[in-house]
Amino acid sequence: MTHINAVSFTIVIVLFAVVTVTGFAAARWRRAESILHLNEWGLGGRGFGTFVTWFLLGGDLYTAYTFIAVPALVYGTGAAGFYALSYTIMVFPIVLVFAPRLWSIARVHGYVTPADFVRGRYGSRGLALAVACTGILATMPYIALQLVGIQAVLTVLGVGGTSANGFIRDLPLLIAFILLAAYTYFSGLRAPALIAFLKDTLVYVMVIVAVLYIPTKLGGWGHIFGVASTHLKTINPKTHKPFGSFIVLPAGEWAYATLALGSALALFMYPHAITGVFAAKRRDVIRRNMAMLPLYSIVLGLIALLGYMALATPAVNAGVKAGGGNAQLSVPLLFEHMFPSWFAGVGYSAIVIGALVPAAIMSIAAANLFTRNIYREFFRPGASDAEQTRVAQFVSLIVKAGALVFVLALPKTFSINLQLLGGIWILQTFPSIVAGLYTRWFHRWALLIGWAAAMVYGTIQAYRAPVGGQAHSHFGGSTAPVLGHVMYIAIAAFVLNLAIAVVGTVVFRALRLPEGADETLPHQFTANPEASAAAPVPATVPGTRPGSPSAT
Amino acid sequence: MVQPQRRARNPLSAAVATVLLLIGVIGAFWVPIYARSAPKLGDFPFFYWFQLIWMPVVMVLCYLAYLLMRTAPAVADDANGAAATDGQGAK
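Chains as they are written, first to last, in the numbering used here: chain L, 27 to 578; chain S, 1063 to 1153.
Just so you know, the hints here were simulated from the structure itself, not pulled from any lab data.
Some hints here could point you the wrong way.
Okay, derived cross-link-like pairs now, EDC-like style, lysine to aspartate or glutamate, Cα gap no bigger than 20 Å in a straight line [claimed, not checked]:
id: 1; chain 1: L; residue 1: LYS264; chain 2: S; residue 2: ASP1105
id: 2; chain 1: L; residue 1: LYS259; chain 2: S; residue 2: ASP1105
id: 3; chain 1: L; residue 1: LYS267; chain 2: L; residue 2: GLU279
From chain L, some residues computed to sit far from chain S (all C-beta separations above 12 Å) [what the hints assert, rightly or not]:
id: 4; residue: ASP196
id: 5; residue: LEU321
id: 6; residue: TYR322
id: 7; residue: SER323
id: 8; residue: ARG406
id: 9; residue: ALA478
All of these numbers come straight from a predicted model, not from anything done at the bench.
Ideal Cβ positions, reconstructed from N, Cα and C, are used throughout, including at glycine.
The task is simple: from the sequences and hints, build the whole structure.
Take a look at the structure:
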């Protein structure tokens, strides 16, 4: 692991070069007259069909960090890590229900961010600001973690990772990120959309080969599961408890279920997921995608199993130990020891490129939020479309630079803790956004107070969660005992959030506090305007009503 | 602007779609259903193969729900149909 594997490294460099060229070329793909409009730069022209959206959302949601962290969790704790699978099972049926309404209302009013919708629906700048800030806060560490994923690959590749000189050590990461920042700046959302094709193809190939090939080298699935089950039962000398469990124990069921549900509810509150939804051309594209995206979840389930394959490979265990017990190295190490070096290179590339696509979309989403809901709302209300786009382009650079500083200057655990908090925080925007899609019953101030209370509660609970075996340690996990049951902190905070919003609404309504103007109309939530984002009038699908009068 | 046309949705098919989606979610949320190792499928304990198989099942459920929720050809596209589609919309 100290010397560079030339073959693997060359493959990674070549595929990275292909991605970079694609990223810059994307600016010309389905080009509009001017890219200086947020609908163009920030949402790719709002014209992605089923196929592109599938790749875009798949490339967006299943990130490099997922590929590294989920198997690492399975490697470290066993069955508990499979909550990620349960979570991606739940997410699409849930999102299928509300995402089309969100898409429609955004298309009718030209909303670019979820906070735009909250602003329009509740007439509340404060609530919109809360949603925007939560989105940005939750997204930043997520971008940083994509870098952590790239770092894991670079470490195993032997690139830079061992150099004593900090600058040399970080140089490959720096170069990768500067190039990413440059093509995102020029091409906007079109760049990750186009790169996603390559990324997802590589991921599918890598996973299918890994799942079919590695078990044959390890003596079959029976052996892999046997080793895992024996290892997880042994006592961890640090915590004096077993490493994990092979099947979720009754005591862990509630934590498993709430982790899965909370993550499922939270996923499409993340700005980068909503950006993917808003970029779709038609309402049907969203629904059809929710029925097709679970294909990626199957892949995720298989990727989770890589954690057990790593456990059953002695060389990987030795490598993880040599890397200071860093379980995140388990998948790259597995590739190194199981695959011929050229195919290991393909696997590494899948992870590296798998980091670039979401990082680009996340930075665009965060930039959109800043531009629309902070800059335009509070500083330059009259900002033109071109000015907004230039600001967003610039902010996307700042966001990436910030993520880079995060990873390079601060301990890695800092990003991981913040991402854990990000999941808890982002779920607290659910009531404002999703309830708002169905009803205006909630009072805007009640929603704001509920959000604030849940943010504080969730943060404190996460801070107090100890690391296994170490008293007085912090951010040890995302679960905590609530009313005698260990559960996902985000769900506990969410329930608190909802309860406060309901009580607050009853009180504020009784006091007749001003409700704020609502610019939406009921029929706009089911509207299906045709491709042109400029046309605010909902039209019917052609052909469904022959001879009917025109909609206007 | 005239009241925009609505695509009527049969309340029954909307209900069926909701039930299908609920089945999909509950199958994953109700952990005691699958937190067991037997019966095995090949070398895979139940916990693992159930979740891996539940995924394509949910895919099919989602697809059926999509078909049900998709635009029905507007048959009863009058004021009643429009009101029935939306439930508790905003004022």
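Checked hints:
no. : hint                 : verdict
1   : L:LYS264 / S:ASP1105 : violated (31 Å)
2   : L:LYS259 / S:ASP1105 : holds (19 Å)
3   : L:LYS267 / L:GLU279  : holds (18 Å)
4   : ASP196               : holds (38 Å)
5   : LEU321               : violated (7 Å)
6   : TYR322               : violated (10 Å)
7   : SER323               : violated (5 Å)
8   : ARG406               : holds (30 Å)
9   : ALA478               : holds (24 Å)
Going through the hint list in order, the structure does not satisfy hints 1, 5, 6, 7.
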